[in-house]
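Student: Go ahead and model the full structure; you've got the sequences and the hints to work with.
There are 2 protein chains.
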Amino acid sequence: MDPVLITGLIAASLTTFAFLPQSIRAIKTKHTGDLSLTTLIMLETGIVIWIIYGAMISNIPLLAANIVSFIFITITLILKIKYG
Amino acid sequence: MDPVLITGLIAASLTTFAFLPQSIRAIKTKHTGDLSLTTLIMLETGIVIWIIYGAMISNIPLLAANIVSFIFITITLILKIKYG
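Protein sequence lines correspond, in order, to chains Z and X.
Numbering-wise (my numbering), the first sequence opens with residue 1 and increments by one.
Numbering-wise (my numbering), the second sequence opens with residue 1 and increments by one.
Honestly, the hints are just simulated from the structure, not real lab data.
Be a bit skeptical, because a hint or two may be false.
Pairs involving identical chains hold if they fit within one copy or between any two copies, as the list cannot separate such chains.
Under the rule of at most 27 Å between Cα atoms (straight-line distance), these lysine-lysine pairs were calculated in the DSSO-like manner [unchecked claim]:
{"#": "1", "residue 1": "Lys28", "residue 2": "Lys80"}
{"#": "2", "residue 1": "Lys28", "residue 2": "Lys82"}
{"#": "3", "residue 1": "Lys30", "residue 2": "Lys82"}
{"#": "4", "residue 1": "Lys80", "residue 2": "Lys30"}
Computed from a predicted model, the values in this text were never measured in an experiment.
Tutor: Laid out in structure tokens, this is it:
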């Protein structure tokens, strides 16, 4: 496979799944006090707009990556709202 | 301006600057216990690889967005390592 493509895929995988450990941590500890609500709202809103943009330009990798990110950030945001 | 381009720029701005409030919060409170170190390391590594990818394909917006993100995530990661 093309090394440039592989580099892009590694970068995308890391940033797409980055919020998985954060959501697991929040589920386990039930503590989210140190998380910035503004950061989570900006990420959530930004990702929804990335999904709209991905649909507009019919870009499947962009759509897929952001739908996965959306799941983990939504879990983290819901827990932040719940636990404060 | 093209509405598709505007949508992409709004999405990019939100996700690029999302870690600014998180780094400000960590600086102010000196508490980072609820942040996932794994998440921060995945983001930091992912963003470095995005920068390499951006350089490989000579994509200035990708480079610019990830260099800005890198600054805020690096600050947050350093504070996480410092405060635990």
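Student: Hints first: check each against the structure and report whether it holds.
Tutor: Checked hints:
1. Lys28 x Lys80: both (13 Å within a copy, 19 Å between copies)
2. Lys28 x Lys82: Classified as both; 14 Å inside a copy, 23 Å across copies.
3. Lys30 x Lys82: Cα proximity of lysine 30 and lysine 82: in one copy and across copies (9 Å, 22 Å).
4. Lys80 x Lys30: both (9 Å within a copy, 19 Å between copies)
Against the hints set out earlier in the document, no violation occurs for any number.
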